[in-house]
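A.B. asks: Sequences and hints are given; from them, build the entire structure.
Quick mapping for you: the protein sequence lines, in order, are chains E and D. In this text, residue positions in the first sequence follow this note's numbering: the first is -12, and each later residue adds one. In this text, residue positions in the second sequence follow this note's numbering: the first is -12, and each later residue adds one.
These are calculated hints, taken from the structure and not from any lab test. Be a bit skeptical, because a hint or two may be false.
Since the list gives no way to pick out one identical chain from another, each pair is judged satisfied if it fits inside one copy or across any two copies.
[Stated by the list, open to error] Calculated pairs, EDC-like style, for lysine to aspartate or glutamate (alpha carbon to alpha carbon, straight line, at most 20 Å): (1) Lys408 to Asp124; (2) Lys76 to Glu52; (3) Lys374 to Asp384; (4) Lys331 to Glu128; (5) Lys331 to Asp384.
2 protein chains.
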Amino acid sequence: MKSACKTQLSSARNGQITPEVEMVAERESHLTTQEISAEIAAGRAIIPANPLHLEMGLNPVLIGERALTKINANLGTSADASDLSEEQKKLTAALQAGADTVMDLSTGGDLSLLRKQMVSASPVPVGTVPLYSLVQDRSPEDLTVQLFLKELEKQAVQGVDFFTIHSGLLFDHLSLVEKRLGGIVSRGGSLLARWMRCNNQENFLYQYFSEIIALLAEYDVTISLGDALRPGCLADATDAAQLAELEVLGELTEQAQSAGVQVMVEGPGHVPFDQIAQNVRLQQQLCNHAPFYVLGPLVSDIFPGYDHITGAIGATEAARHGAALLCYVTPTEHLCLPDEAAVKEGCAAFKIAAHAADIAREIPGVDSLDHELSRARAALDWKRQLKYCYEPEKIIDLSSADPSSDDQHCSMCGADWCAVKNSSVQKN
Amino acid sequence: MKSACKTQLSSARNGQITPEVEMVAERESHLTTQEISAEIAAGRAIIPANPLHLEMGLNPVLIGERALTKINANLGTSADASDLSEEQKKLTAALQAGADTVMDLSTGGDLSLLRKQMVSASPVPVGTVPLYSLVQDRSPEDLTVQLFLKELEKQAVQGVDFFTIHSGLLFDHLSLVEKRLGGIVSRGGSLLARWMRCNNQENFLYQYFSEIIALLAEYDVTISLGDALRPGCLADATDAAQLAELEVLGELTEQAQSAGVQVMVEGPGHVPFDQIAQNVRLQQQLCNHAPFYVLGPLVSDIFPGYDHITGAIGATEAARHGAALLCYVTPTEHLCLPDEAAVKEGCAAFKIAAHAADIAREIPGVDSLDHELSRARAALDWKRQLKYCYEPEKIIDLSSADPSSDDQHCSMCGADWCAVKNSSVQKN
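C.D. replies: In structure tokens, the structure reads:
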């Protein structure tokens, strides 16, 4: 093991403004570097930036309840679909569509190579679930903490910025799952449940948590405390199992932060729209405002094929109330591994959620693009609209207006009926 | 003029349970016919059902803050795109996708024929903006109330169920519009503004409101009080112009209801997510809880091409707080007239919004499909999922699972990694 490095958290606690704080401050123009550093010191914000990834060109990102809302894109292969070049395309699509972080959730193919490729190609933080590599060629019940720590170190050296680790799932929680309609829908969670049942032992990721965080502190890899018991359907939302795990995640947050490790906490899942604010508040209370990283949440179960929308609706509400990082959901969620097009659709939906929430949070200046676009729209200036909109290709492909003509109406209303045109004619 | 018919409102006030109340009660299983009738009598709910359309096979729909949330699909031609068979296809797509009402907003082609065709083909209520027909071959400044009343009667006889009429826009409001970034974005509103300025007179739809509602009472056509000053961008949301018009709409609501006319009130538009609840509460207060019919609202301006999502996010929040009818927004909003595919996408996004809001409102039994689907999902029973999901074709087209095999995992996780499979194996 190499000697302990300073983490962003320990530096912030020492009152030091790191180069990474300076870098993220450019984007977070509503916060000073001092404010950012204070948020990190308090554990309310993180900069998941493995120094080894920084050397490869990582552009650091601030995640926290006072930061701009960020989105994560889940990428990666499965045993049924594992192709290196396809993963490369998906990464490019996610980056172009504005993903602030990505996760390599590969479970098929050469996992080490896939991970190495993604870290080196990604200018945004990369997260993984280290457990996955260990059970690719091994029965889950044969996992040991030694194997796990070895894998953690390997991936830390590869430059991974954050690890999802399901340390909050306890043996006692398993009985609470029996009452559920949807059971355990977290892959990591279901593997650990199997391990605990087969070995009749407490979750080794909980038992050896001190050893795990000691290693993360050395490399300044952020821990993303996994929610093995996130509800996978509305019926299980905010239930005893979910809340029992969240309470443990609160304790682990404090323990990890005490060791200088940056922490975020993962959250649901499927949650009725009216329970989302409550879910965020509970997490803030139990985890002392450590950044909340939610998956959706999806506000209905019955819309497979449209779950990027179902998820974006929940994500807007979550981010408005303080969720810091929104894990996208793609149109193929529950159906198949997303392809490049699905990755793009998922990112777009969640960029909308993040931006709408930031506007709702009244972050100064965050709606300036909206105002500029609307000014261009009111002037029927299509060329200028291209400059301020999220995806200019949509205007180029879909708008029926002819920017080269003097009469730049679109086919929605036609020339004589264009309210924008009629209004502006009246002004002149 | 034919002799006065009883409206749903006057019947409800007389304590009569109409056949239409009985019919809508089947779907609104959380309400008794007495409760529905009481809501209608109080003006808090409507059944827009022109008796002449009922004769053609209209299946009536209840719209109100205690009813299930409904969605409207805007259809119709423009001068740049007017094709009868295309409109037929769009209507079919909207109905299949679950539109509860449709509006014929045609402004190009043979408007009378298009309208007649839509009313006769539509089993759901049809709305129009009667003003449009009058300016197809006439300069807006030449409009008169006589022409308008004649057109209303013509369309009432054709069986139209509800009319959008912009009576709330006053001459005094025009100065408030000057301060706006986006001006007037309502087509009807911009035409009337032009009429008022050219003729230097008060809006004739306000001046002759008594005559208009007398005619609507005769035919039991519902009035949808148009919001000519809805904000067309975030910068104009909840501004003085919008609120001034809303106050007038409140007065007109009372006046129309006194005359026995069923009323709903149209609302924005583009509104920051955090202002939506306030917008709904204001409307409820000023319009005595007459059903609120919102367009979106869109929670950002910068996502052309994705405005069905931007709108569905706002619509969920609006419906949660009491908006009764959600006018869809399609992906081509701000760009071009929607085609069949865009109509379908818009409907799907707004069905999600309506359903998610109804779950959030905790309407008894409204989440039963979600629970059934999740039960089938937890059993990896893809065939049964088809029965409970919104659009079975999405599962058939996208799912990589093979329902004929014993091992019904999908490619998202692959066989060995399927959390659902792993969880159910453990139970067995």
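A.B. asks: Confirm or reject each hint.
C.D. replies: Results for each hint:
1. Lys408 to Asp124: Between copies only: 18 Å across chains, 65 Å inside a chain, cut-off 20 Å.
2. Lys76 to Glu52: neither (31 Å within a copy, 47 Å between copies)
3. Lys374 to Asp384: Classified as within: same-chain Cα gap 15 Å, cross-chain 36 Å, threshold 20 Å.
4. Lys331 to Glu128: Neither way: Lys331 and Glu128 sit 37 Å apart in one copy and 47 Å across, limit 20 Å.
5. Lys331 to Asp384: both (16 Å within a copy, 19 Å between copies)
Checked against the numbered hints given earlier, the structure breaks hints 2 and 4 and satisfies all the rest.
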